[in-house]
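Chemist: Protein chains in written order, with the numbering used here: chain A, 1 to 259; chain B, 1 to 259.
Treat the hints with care, since some could be wrong.
[As the list claims (entries may be wrong)] Computed footprint of chain B on chain A; a stretch qualifies when at least three of its residues, placed anywhere within it, have a C-beta under 8 Å from a C-beta of chain B:
hint: 1; region: 75 to 83
hint: 2; region: 92 to 101
hint: 3; region: 156 to 164
hint: 4; region: 172 to 185
[Claimed, not checked] Taking lysine to any residue and the SDA-like style, the derived pairs with C-alpha atoms no more than 25 Å apart in a straight line are:
hint: 5; chain 1: A; residue 1: Lys255; chain 2: A; residue 2: His103
hint: 6; chain 1: A; residue 1: Lys255; chain 2: B; residue 2: Tyr207
hint: 7; chain 1: A; residue 1: Lys255; chain 2: B; residue 2: Thr122
hint: 8; chain 1: A; residue 1: Lys255; chain 2: B; residue 2: Ser186
hint: 9; chain 1: A; residue 1: Lys255; chain 2: B; residue 2: Ser130
hint: 10; chain 1: A; residue 1: Lys255; chain 2: B; residue 2: Trp120
hint: 11; chain 1: A; residue 1: Lys255; chain 2: B; residue 2: Gly192
hint: 12; chain 1: A; residue 1: Lys255; chain 2: B; residue 2: Asp31
[Stated by the list, open to error] Per the computed footprint, the stretches of chain A lying under chain B, defined by three or more beta-carbons under 8 Å from a beta-carbon of chain B, are:
hint: 13; region: 114 to 122
hint: 14; region: 217 to 227
It is worth saying that the hints were derived from the structure and are not from the lab.
Glycine residues also receive a C-beta, built at the ideal position from the N, C-alpha and C atoms.
2 protein chains.
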Amino acid sequence: MSRRLRVVLSYDGTAYHGFQRQGRGLLTVQDVVFVAIEAVTGSPPQRFAAAGRTDAGVHALGQVIAFDATRSVPTARVVRALNANLPDDVSAVEAREVGRDFHPRYDATAKTYAYTFYGWETGARQALLSRYALFVPFQPDLEVMRHAAGLLAGSHDFSAFQDSGRPVADATRTIFECRLEYGSYSRPPLAGVRAAHLIVRADGFLYHMVRVLAGTLLEVGRGRLSGEDVAGILARRDRRLAGPTLPPHGLCLLKVDYE
Amino acid sequence: MSRRLRVVLSYDGTAYHGFQRQGRGLLTVQDVVFVAIEAVTGSPPQRFAAAGRTDAGVHALGQVIAFDATRSVPTARVVRALNANLPDDVSAVEAREVGRDFHPRYDATAKTYAYTFYGWETGARQALLSRYALFVPFQPDLEVMRHAAGLLAGSHDFSAFQDSGRPVADATRTIFECRLEYGSYSRPPLAGVRAAHLIVRADGFLYHMVRVLAGTLLEVGRGRLSGEDVAGILARRDRRLAGPTLPPHGLCLLKVDYE
Numbered sequence: 001m002s003r004r005l006r007v008v009l010s011y012d013g014t015a016y017h018g019f020q021r022q023g024r025g026l027l028t029v030q031d032v033v034f035v036a037i038e039a040v041t042g043s044p045p046q047r048f049a050a051a052g053r054t055d056a057g058v059h060a061l062g063q064v065i066a067f068d069a070t071r072s073v074p075t076a077r078v079v080r081a082l083n084a085n086l087p088d089d090v091s092a093v094e095a096r097e098v099g100r101d102f103h104p105r106y107d108a109t110a111k112t113y114a115y116t117f118y119g120w121e122t123g124a125r126q127a128l129l130s131r132y133a134l135f136v137p138f139q140p141d142l143e144v145m146r147h148a149a150g151l152l153a154g155s156h157d158f159s160a161f162q163d164s165g166r167p168v169a170d171a172t173r174t175i176f177e178c179r180l181e182y183g184s185y186s187r188p189p190l191a192g193v194r195a196a197h198l199i200v201r202a203d204g205f206l207y208h209m210v211r212v213l214a215g216t217l218l219e220v221g222r223g224r225l226s227g228e229d230v231a232g233i234l235a236r237r238d239r240r241l242a243g244p245t246l247p248p249h250g251l252c253l254l255k256v257d258y259e
Numbered sequence: 001m002s003r004r005l006r007v008v009l010s011y012d013g014t015a016y017h018g019f020q021r022q023g024r025g026l027l028t029v030q031d032v033v034f035v036a037i038e039a040v041t042g043s044p045p046q047r048f049a050a051a052g053r054t055d056a057g058v059h060a061l062g063q064v065i066a067f068d069a070t071r072s073v074p075t076a077r078v079v080r081a082l083n084a085n086l087p088d089d090v091s092a093v094e095a096r097e098v099g100r101d102f103h104p105r106y107d108a109t110a111k112t113y114a115y116t117f118y119g120w121e122t123g124a125r126q127a128l129l130s131r132y133a134l135f136v137p138f139q140p141d142l143e144v145m146r147h148a149a150g151l152l153a154g155s156h157d158f159s160a161f162q163d164s165g166r167p168v169a170d171a172t173r174t175i176f177e178c179r180l181e182y183g184s185y186s187r188p189p190l191a192g193v194r195a196a197h198l199i200v201r202a203d204g205f206l207y208h209m210v211r212v213l214a215g216t217l218l219e220v221g222r223g224r225l226s227g228e229d230v231a232g233i234l235a236r237r238d239r240r241l242a243g244p245t246l247p248p249h250g251l252c253l254l255k256v257d258y259e
């Protein structure tokens with residue numbers, strides 16, 4: 001009798017060609033997760049799905065996957081068993097049995113991403129952040145960025161903030177929260193290092209959406225765009241008007257919410 | 001006319017065989033720093049010295065080095081120039097000109113290290129911490145550890161807490177501060193993940209001292225040693241009575257203090 005398991009994963013995306021299986025010799029997070037699941041359950045996962053297809057180099061603190069497992073590994077032991085078969089940079093954090101119909105993407109009510117950037121106070125790269133944050137050597141105006149971030153909240157057609165390559169019929173998404181946090185890390189090894197985080201919580205995301213939003217807000221922060229420009233770009237739905245797609249390593253899928 | 005420069009470095013020690021040059025084909029942090037200094041100043045650094053010889057796998061947020069530079073690179077540009085020539089996992093954070101006699105180790109009044117461990121609440125590894133913290137799957141008693149940590153402060157002969165391999169004439173060191181912090185990371189990508197940190201600030205450290213102290217306190221935390229045992233081990237100066245040397249990746253040199 002097979003059960004459906006929901007597992008929360010965290011990973012450092014640096015070494016992977018994104019989450020989703022690619023084939024073509026490109027190692028993905030899904031590949032190593034499949035190997036671990038097969039080692040633990042005795043067969044490849046059935047009806048496997050993930051909440052978010054994170055891109056190459058993007059990290060996750062709370063990616064959610066689900067799959068049917070045939071062998072009766074006690075749910076309480078799934079996390080430990082998976083971790084024994086996963087590389088250091090991928091880990092299972094939590095596992096639970098869910099209903100047959102659970103789908104980690106379709107059932108999600110919201111996902112939260114963070115884009116992290118730093119560097120303007122010191123003008124210096126920080127090696128311990130280099131995997132997880134974008135180095136920004138100029139001083140952005142965080143207050144105008146914060147204001148512009150607030151304009152993005154709500155239900156909008158975000159066509160201007162998606163890259164081509166993954167077309168959707170309807171580009172309307174609802175951003176529940178779009179805010180800029182700024183301050184010091186309080187704990188080792190980064191204690192005292194300052195960074196800013198764009199936190200975006202929405203019911204769904206378009207291709208590269210957070211990276212384009214962050215890139216656009218950074219243009220606002222350096223005075224190349226105004227807050228009003230951002231509202232205009234949103235209204236005109238033209239990708240060419242928005243800012244650049246920031247590199248993937250600053251991005252992390254923090255959390256997926258369900259009912 | 002040569003000047004003496006003092007530079008603060010941060011690095012992720014994962015890929016390196018420690019700070020100090022080894023030769024024998026083993027890449028160290030010092031090797032890549034030498035390459036960068038030579039690229040920037042036009043010649044190998046003269047009278048090079050570092051505050052701490054961190055071991056293989058150990059990280060640094062605030063390692064301090066000093067060297068004589070012949071070419072007149074403006075001090076304000078040294079950080080940027082070095083960073084342009086350093087790999088991602090090593091960075092210069094700050095540079096200033098200092099007196100001819102400055103020595104980063106002999107002139108240091110204190111160094112602060114942190115040893116980070118985590119894992120007992122969830123029983124799960126956390127991929128985003130795997131480079132920087134020890135996974136501890138059992139629940140340690142943090143209160144008794146905190147008490148025992150307090151007993152280590154002060155001037156003592158720490159012979160029981162050093163490994164062989166780097167003998168010293170006098171094993172007396174003064175620990176100014178030895179405390180256990182415990183709580184959640186507050187910022188992405190680790191927001192909400194809980195960890196404990198042993199913070200040790202002392203006028204000097206013996207070989208592997210923080211890792212043996214942390215290993216001994218963890219034995220206290222799991223009930224194999226008591227706080228009184230720790231006092232006894234200190235008094236008896238016998239390495240065999242103390243706990244194991246914890247692995248290097250949980251350790252970070254946070255800061256070096258000068259007058």
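Chemist: It remains to establish, for every hint, whether it holds in the given structure.
Modeler: Structure-based check of each hint:
no.: 1; hint: 75 to 83; result: holds (count 3)
no.: 2; hint: 92 to 101; result: holds (count 3)
no.: 3; hint: 156 to 164; result: violated (count 0)
no.: 4; hint: 172 to 185; result: holds (count 3)
no.: 5; hint: A:Lys255 to A:His103; result: holds (15 Å)
no.: 6; hint: A:Lys255 to B:Tyr207; result: violated (41 Å)
no.: 7; hint: A:Lys255 to B:Thr122; result: holds (16 Å)
no.: 8; hint: A:Lys255 to B:Ser186; result: holds (14 Å)
no.: 9; hint: A:Lys255 to B:Ser130; result: holds (19 Å)
no.: 10; hint: A:Lys255 to B:Trp120; result: holds (21 Å)
no.: 11; hint: A:Lys255 to B:Gly192; result: holds (11 Å)
no.: 12; hint: A:Lys255 to B:Asp31; result: violated (40 Å)
no.: 13; hint: 114 to 122; result: holds (count 3)
no.: 14; hint: 217 to 227; result: violated (count 0)
Violated hints, listed in ascending order, are 3, 6, 12, 14; each of the other numbered hints is respected by the structure.
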